[in-house]
Amino acid sequence: MDATLTIQLIIQGILLGGIYGLIAMGLSLIFGVMGVINFAHGQMMVMAMYVSYWIFVLLGLDPYLSLIIVVAVIFVMGYVIQATVVNRIIDYPEAMQVLPLVSIGLILENLALLLWGPDHRSPQTILSLESIWIGPIMIDVSRLIAFVLAIFFTILIFLFLKKTNIGKCIRAASDNRMGAILVGIDVNRIYNASFGLGAATTAAAGVLLLPLMPISPHMGHDFTLTAFIVVILGGMGNLLGALVGGLILGVAELVSTLFLPATLKQVVSFSILIIIMLFRPQGILGGKK
Amino acid sequence: MPRKKLGNMDRRTFIKTSSMIGLGAAVTSFGVPKLLRAAPPTIKIGSVQPATGPLAVIGVGQRRGNQLAVDYINAMGGIKSMGGAKLELLLGDSESKPEIGRSEADRLIKAGASVITGPFQSGVALAISTLCEQRQVPFIMDVAALDKITDKGYKYTFRVFITVSGLLNGAIKYLKMVTDMKGVMPKRAVVTNTADAFGKGMSGGFVKFLEKSGLPIEVVDKVQYPLGIHDLSAEVARIKAAKPDILFPVSRPGDGIILTRELYKQRVELLGIFGPGSPGWYEPDVIKDLDKLIYYVMVNVPWINPESKVYQQANAAFQKAHSRYLDTNSAYAYTGVLVIADILERTASTDPEKILKATRQTNFTNHPVVGGPVQFDQKGNNTGALTALIQVQPDQDLLKRVKIVAPNEFAQSDKIVFPAPQLWKR
Numbered sequence: 001m002d003a004t005l006t007i008q009l010i011i012q013g014i015l016l017g018g019i020y021g022l023i024a025m026g027l028s029l030i031f032g033v034m035g036v037i038n039f040a041h042g043q044m045m046v047m048a049m050y051v052s053y054w055i056f057v058l059l060g061l062d063p064y065l066s067l068i069i070v071v072a073v074i075f076v077m078g079y080v081i082q083a084t085v086v087n088r089i090i091d092y093p094e095a096m097q098v099l100p101l102v103s104i105g106l107i108l109e110n111l112a113l114l115l116w117g118p119d120h121r122s123p124q125t126i127l128s129l130e131s132i133w134i135g136p137i138m139i140d141v142s143r144l145i146a147f148v149l150a151i152f153f154t155i156l157i158f159l160f161l162k163k164t165n166i167g168k169c170i171r172a173a174s175d176n177r178m179g180a181i182l183v184g185i186d187v188n189r190i191y192n193a194s195f196g197l198g199a200a201t202t203a204a205a206g207v208l209l210l211p212l213m214p215i216s217p218h219m220g221h222d223f224t225l226t227a228f229i230v231v232i233l234g235g236m237g238n239l240l241g242a243l244v245g246g247l248i249l250g251v252a253e254l255v256s257t258l259f260l261p262a263t264l265k266q267v268v269s270f271s272i273l274i275i276i277m278l279f280r281p282q283g284i285l286g287g288k289k
Numbered sequence: 290m291p292r293k294k295l296g297n298m299d300r301r302t303f304i305k306t307s308s309m310i311g312l313g314a315a316v317t318s319f320g321v322p323k324l325l326r327a328a329p330p331t332i333k334i335g336s337v338q339p340a341t342g343p344l345a346v347i348g349v350g351q352r353r354g355n356q357l358a359v360d361y362i363n364a365m366g367g368i369k370s371m372g373g374a375k376l377e378l379l380l381g382d383s384e385s386k387p388e389i390g391r392s393e394a395d396r397l398i399k400a401g402a403s404v405i406t407g408p409f410q411s412g413v414a415l416a417i418s419t420l421c422e423q424r425q426v427p428f429i430m431d432v433a434a435l436d437k438i439t440d441k442g443y444k445y446t447f448r449v450f451i452t453v454s455g456l457l458n459g460a461i462k463y464l465k466m467v468t469d470m471k472g473v474m475p476k477r478a479v480v481t482n483t484a485d486a487f488g489k490g491m492s493g494g495f496v497k498f499l500e501k502s503g504l505p506i507e508v509v510d511k512v513q514y515p516l517g518i519h520d521l522s523a524e525v526a527r528i529k530a531a532k533p534d535i536l537f538p539v540s541r542p543g544d545g546i547i548l549t550r551e552l553y554k555q556r557v558e559l560l561g562i563f564g565p566g567s568p569g570w571y572e573p574d575v576i577k578d579l580d581k582l583i584y585y586v587m588v589n590v591p592w593i594n595p596e597s598k599v600y601q602q603a604n605a606a607f608q609k610a611h612s613r614y615l616d617t618n619s620a621y622a623y624t625g626v627l628v629i630a631d632i633l634e635r636t637a638s639t640d641p642e643k644i645l646k647a648t649r650q651t652n653f654t655n656h657p658v659v660g661g662p663v664q665f666d667q668k669g670n671n672t673g674a675l676t677a678l679i680q681v682q683p684d685q686d687l688l689k690r691v692k693i694v695a696p697n698e699f700a701q702s703d704k705i706v707f708p709a710p711q712l713w714k715r
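Going line by line, the protein sequences match chains L and V. For the first sequence, our numbering gives the first residue as 1, with consecutive numbering after it. For the second sequence, our numbering gives the first residue as 290, with consecutive numbering after it.
In case anyone wonders, no lab produced these hints; they're calculated from the structure. As the structure is a computational prediction, the values presented were derived from the model and not from experiment. Here a beta-carbon is modelled for each residue, glycine too, at the ideal position from N, C-alpha and C. Treat the hints with care, as some may be off.
[Stated by the list, open to error] Here are some, though not all, of the chain V residues that point toward chain L, as calculated from beta-carbon distances under 10 Å:
{"no.": "1", "residue": "V512"}
{"no.": "2", "residue": "A526"}
{"no.": "3", "residue": "R527"}
{"no.": "4", "residue": "Q555"}
{"no.": "5", "residue": "D686"}
{"no.": "6", "residue": "K689"}
[To be verified] Between beta-carbon pairs, the in silico distance windows are:
{"no.": "7", "chain 1": "L", "residue 1": "V76", "chain 2": "V", "residue 2": "E422", "range": "25 to 31 Å"}
{"no.": "8", "chain 1": "V", "residue 1": "E422", "chain 2": "L", "residue 2": "E94", "range": "50 to 56 Å"}
{"no.": "9", "chain 1": "L", "residue 1": "V98", "chain 2": "V", "residue 2": "V346", "range": "28 to 34 Å"}
{"no.": "10", "chain 1": "L", "residue 1": "T164", "chain 2": "V", "residue 2": "V346", "range": "45 to 51 Å"}
[Unchecked claim] Derived SDA-like pairs (lysine to any residue); straight-line CA-CA distance at most 20 Å:
{"no.": "11", "chain 1": "V", "residue 1": "K489", "chain 2": "L", "residue 2": "T164"}
{"no.": "12", "chain 1": "V", "residue 1": "K581", "chain 2": "L", "residue 2": "V255"}
{"no.": "13", "chain 1": "V", "residue 1": "K577", "chain 2": "L", "residue 2": "L58"}
{"no.": "14", "chain 1": "V", "residue 1": "K511", "chain 2": "L", "residue 2": "L264"}
{"no.": "15", "chain 1": "V", "residue 1": "K581", "chain 2": "L", "residue 2": "F259"}
{"no.": "16", "chain 1": "V", "residue 1": "K532", "chain 2": "L", "residue 2": "G135"}
{"no.": "17", "chain 1": "V", "residue 1": "K577", "chain 2": "L", "residue 2": "W116"}
{"no.": "18", "chain 1": "V", "residue 1": "K532", "chain 2": "L", "residue 2": "T6"}
{"no.": "19", "chain 1": "V", "residue 1": "K577", "chain 2": "L", "residue 2": "P123"}
{"no.": "20", "chain 1": "V", "residue 1": "K577", "chain 2": "L", "residue 2": "G60"}
{"no.": "21", "chain 1": "V", "residue 1": "K511", "chain 2": "L", "residue 2": "L5"}
{"no.": "22", "chain 1": "V", "residue 1": "K714", "chain 2": "L", "residue 2": "E130"}
{"no.": "23", "chain 1": "V", "residue 1": "K714", "chain 2": "L", "residue 2": "S128"}
{"no.": "24", "chain 1": "V", "residue 1": "K714", "chain 2": "L", "residue 2": "I126"}
{"no.": "25", "chain 1": "V", "residue 1": "K511", "chain 2": "L", "residue 2": "F259"}
{"no.": "26", "chain 1": "V", "residue 1": "K532", "chain 2": "L", "residue 2": "P261"}
{"no.": "27", "chain 1": "V", "residue 1": "K489", "chain 2": "L", "residue 2": "T263"}
{"no.": "28", "chain 1": "V", "residue 1": "K581", "chain 2": "L", "residue 2": "T4"}
{"no.": "29", "chain 1": "V", "residue 1": "K532", "chain 2": "L", "residue 2": "D2"}
{"no.": "30", "chain 1": "V", "residue 1": "K581", "chain 2": "L", "residue 2": "M213"}
{"no.": "31", "chain 1": "V", "residue 1": "K511", "chain 2": "L", "residue 2": "L260"}
{"no.": "32", "chain 1": "V", "residue 1": "K581", "chain 2": "L", "residue 2": "V57"}
{"no.": "33", "chain 1": "V", "residue 1": "K581", "chain 2": "L", "residue 2": "T125"}
{"no.": "34", "chain 1": "V", "residue 1": "K581", "chain 2": "L", "residue 2": "L129"}
{"no.": "35", "chain 1": "V", "residue 1": "K489", "chain 2": "L", "residue 2": "L260"}
{"no.": "36", "chain 1": "V", "residue 1": "K577", "chain 2": "L", "residue 2": "V57"}
{"no.": "37", "chain 1": "V", "residue 1": "K511", "chain 2": "L", "residue 2": "P123"}
{"no.": "38", "chain 1": "V", "residue 1": "K511", "chain 2": "L", "residue 2": "V255"}
{"no.": "39", "chain 1": "V", "residue 1": "K532", "chain 2": "L", "residue 2": "W133"}
{"no.": "40", "chain 1": "V", "residue 1": "K581", "chain 2": "L", "residue 2": "L127"}
Put together the whole structure using the sequences plus the hints.
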């Protein structure tokens, strides 16, 4: 086996895994706090990519610079979705929570189709072609930035949840809803903020992916699925688990191309998923439940 | 209390407006045929295209191409040998599924279609050709490439488009031409393809044709990836490890972009990129997004003839109506209806037997695509169908960057750049 190729694939897998982790973290956060599975997760990310694309094309602002704006926009979108839809279905059986969120996904997907059409769009951003070379090993700069920022955002969210007042409220609501209500926390507003935060995280991941892949309205499903696998791998509701799961999946997917045709990538992801569910159904880092 | 009322109102207005928007979108997306009821004798042409489903973008373009030609013929006075009879396009939607395509064609025949055209996909074409043979209605395909469709010996099936073997022969012919002309022969090649029926069939066929061609090019690796892939970094790392001189990609619009950028980032040294016949390299969006990186890519494709009057006139009308340029597929859809009108003009009748006879004697030259006169052989294939070799070359005008470099009589640029400068040295 070619050693250079193997190392190259492992590095690329780690970098990709960081972004997978960030996408999944939003899903994990939303599940951890409210017990709701966000089936519109990938579509929210695609929305973020389109908003960023729009800002780039209309105002000439590079995705890295528009990151804050896009994250804010998608935060508001998440907040509103929680306030108008999800808060109403939060006490319903899980099977009934699925439909409204799937429909939100469909609406977002078709909204993108209506607004931007079915074509693949991939504007060339400032750093989208840069790479660093360490001997024969190539490191893709936009992937590296995405990875570093993904780790940075993960730490930021951790600090936010541990140190700030709202963060503590979110954790309280997540831990014991009734208890949180009793100590005077406006749980519905905390839920809104949590969903917004989850959406904002996936929005950040989307913006970081924009220089790396063309956007099209129908790509959301794939990422919802990826996020699911990562979350289950790492442990439902465990934020650090999302990052670990992302890294494992990223490396596994890329290294598998050494032995298997690329068309079997998904077989690899799902095989890992099945193995984890058989031997450690709570996920790698999910210990409590 | 007032808040709740407002909420209810909002929801109602929302439902009303959104359903109106939905209805509007549904109606407009069908391209609204203008039903011409003025002159009583109308000749109905059934057009079955994949207007919804995964190929909707192309299907709608096909319909528009058919309709544009119908409008043109009618504006020019209809079928003159039949007293200026107008054409009417009956619309069928295959939803990209053979069984639906067949039932739609059947419906159009029952509604009085004298000829059926379409259907873009070979699978659908196979289903419709059998139906048309049973119903004895001429089936003149605008686009569909699989050889098998016309290999069955059906009397009523004809094809204006090129066959897959014609397409592959073209690829080998142009590959020989370029390597001879430039005196540069690649030794190692990688073939990539998307894992759909088209990608597998095209790349498999191309490898076979390449082996038979006698060219000393060895295919050192075949890289296949799923349709709609988002990341090709691992695949390109594998391509790089195979150390190819030339890349033969069978791609789709999205993956062409990722592939090229990854080749750049990983510094894969190539003499050039040569597409045996696939989209992904000439769409205006792709040209714009890849800019310099897509220069010098060569693709063997059935192509429009932008210098011809008939193309320019049709393109102007198409742009005016749909603000998109008339691409190859739509131009073939346009040609299909022009050929049908030419046949009707010569038969002066809608009798199927007479139409068959006239179709076999077709010699239609005034069309907007690269190729000789449309003439049908024993099997019903168009002997004039040709592919062009196009190369993306620098030009201020984005839309003029795709240039025909062969065959000579259609060429827009007499220089072919091969080997191409490496992607990162441009």
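Results of checking the hints against the structure:
1. For V512 (chain V), the suggested interface contact is upheld, since its CB lies about 7 Å from the closest CB of chain L, less than 10 Å.
2. The beta carbon of A526 (chain V) comes within 5 Å of a beta carbon in chain L, closer than 10 Å, and the hint placing it at the interface holds.
3. Annotation: interface hint on R527 (chain V) holds; nearest CB of chain L at approximately 6 Å, less than 10 Å.
4. Contact between Q555 (chain V) and chain L, as hinted, is supported at the beta carbon level, the nearest pair being about 5 Å apart and thus within 10 Å.
5. Among the interface hints, the one on D686 (chain V) is violated; its C-beta lies about 19 Å from the nearest C-beta in chain L, farther than the 10 Å criterion.
6. A least Cβ separation of about 20 Å between K689 (chain V) and chain L goes past the 10 Å threshold, and the interface hint is therefore violated.
7. For V76 (chain L) and E422 (chain V), the Cβ-Cβ distance of about 60 Å falls outside the hinted range of 25 to 31 Å, so the restraint is violated.
8. Under the hint 50 to 56 Å, the C-beta atoms of E422 (chain V) and E94 (chain L), about 54 Å apart, fit the expected range.
9. Separated by about 30 Å at the C-beta atoms, V98 (chain L) and V346 (chain V) satisfy the suggested range of 28 to 34 Å.
10. At about 47 Å, the CB distance of T164 (chain L) to V346 (chain V) agrees with the hint of 45 to 51 Å.
11. The hinted pair formed by K489 (chain V) and T164 (chain L) fails the criterion: a straight-line CA distance of about 55 Å is larger than 20 Å.
12. Between K581 (chain V) and V255 (chain L), the direct Cα distance comes to roughly 31 Å. Violation of the 20 Å bound is thereby established for this hinted pair.
13. A distance of roughly 15 Å separates the Cα atoms of K577 (chain V) and L58 (chain L); the hinted pair therefore holds under the 20 Å criterion.
14. Among the hinted pairs, K511 (chain V) with L264 (chain L) is consistent with the structure: their alpha-carbon atoms are about 15 Å apart, no more than 20 Å.
15. Restraint check for K581 (chain V) and F259 (chain L): the C-alpha separation of about 34 Å exceeds 20 Å, so the hint is violated.
16. Simply put, K532 (chain V) and G135 (chain L) have alpha-carbon atoms about 17 Å apart, close enough for the 20 Å limit, and the pair holds.
17. Under the criterion of a C-alpha separation no larger than 20 Å, the hint pairing K577 (chain V) with W116 (chain L) is consistent with the structure, at around 16 Å.
18. Between the alpha carbons of K532 (chain V) and T6 (chain L) the distance comes to roughly 16 Å, so the proposed pair stays at or under 20 Å and holds.
19. For the hint pairing K577 (chain V) with P123 (chain L), the CA-to-CA distance comes to about 8 Å; that is within 20 Å, so the pair holds.
20. With a C-alpha separation of about 15 Å, the suggested pairing of K577 (chain V) with G60 (chain L) holds against the 20 Å cut-off.
21. Restraint check for K511 (chain V) and L5 (chain L): the C-alpha separation of about 17 Å stays at or below 20 Å, so the hint holds.
22. Of the pairs offered as hints, the one joining K714 (chain V) and E130 (chain L) holds, with about 13 Å between alpha carbons and a cut-off of 20 Å not exceeded.
23. The straight-line distance between the Cα atoms of K714 (chain V) and S128 (chain L) is roughly 16 Å, inside the 20 Å bound, and the hint therefore holds.
24. A distance of roughly 17 Å separates the Cα atoms of K714 (chain V) and I126 (chain L); the hinted pair therefore holds under the 20 Å criterion.
25. The straight-line distance between the Cα atoms of K511 (chain V) and F259 (chain L) is roughly 14 Å, inside the 20 Å bound, and the hint therefore holds.
26. About 18 Å separates the Cα atoms of K532 (chain V) and P261 (chain L), which keeps this hinted pair within 20 Å; it holds.
27. For the proposed pair K489 (chain V) and T263 (chain L), the alpha carbon gap of about 12 Å is at most 20 Å, so the pair holds.
28. Distance hint between K581 (chain V) and T4 (chain L) is unfulfilled; the C-alpha atoms sit about 29 Å from each other, more than 20 Å.
29. Taken as a hint, the K532 (chain V) and D2 (chain L) pair is honoured in the structure, with Cα atoms around 13 Å apart against an allowance of 20 Å.
30. Between K581 (chain V) and M213 (chain L), the direct Cα distance comes to roughly 18 Å. Compliance with the 20 Å bound is thereby established for this hinted pair.
31. With a CA separation close to 12 Å, the supplied pair K511 (chain V) and L260 (chain L) stays within the 20 Å bound.
32. Distance restraint check for K581 (chain V) and V57 (chain L): the Cα-Cα separation of roughly 18 Å lies within the 20 Å cut-off, and the hinted pair is therefore satisfied.
33. A hinted pair counts as satisfied when its Cα atoms are at most 20 Å apart, and K581 (chain V) with T125 (chain L) qualifies at roughly 14 Å.
34. For the hint pairing K581 (chain V) with L129 (chain L), the CA-to-CA distance comes to about 12 Å; that is within 20 Å, so the pair holds.
35. With a C-alpha separation of about 17 Å, the suggested pair K489 (chain V) and L260 (chain L) falls inside the 20 Å cut-off, and the hint holds.
36. For the given pair, K577 (chain V) sits about 12 Å from V57 (chain L) by alpha-carbon distance, which is consistent with the 20 Å threshold.
37. Proposed proximity of K511 (chain V) and P123 (chain L) is contradicted: the alpha carbons are some 29 Å apart, above 20 Å.
38. This hinted pair checks out: K511 (chain V) and V255 (chain L) have alpha carbons roughly 17 Å apart, not beyond 20 Å.
39. With a C-alpha separation of about 18 Å, the suggested pair K532 (chain V) and W133 (chain L) falls inside the 20 Å cut-off, and the hint holds.
40. Restraint check for K581 (chain V) and L127 (chain L): satisfied, since their Cα atoms lie roughly 15 Å apart, inside the 20 Å limit.
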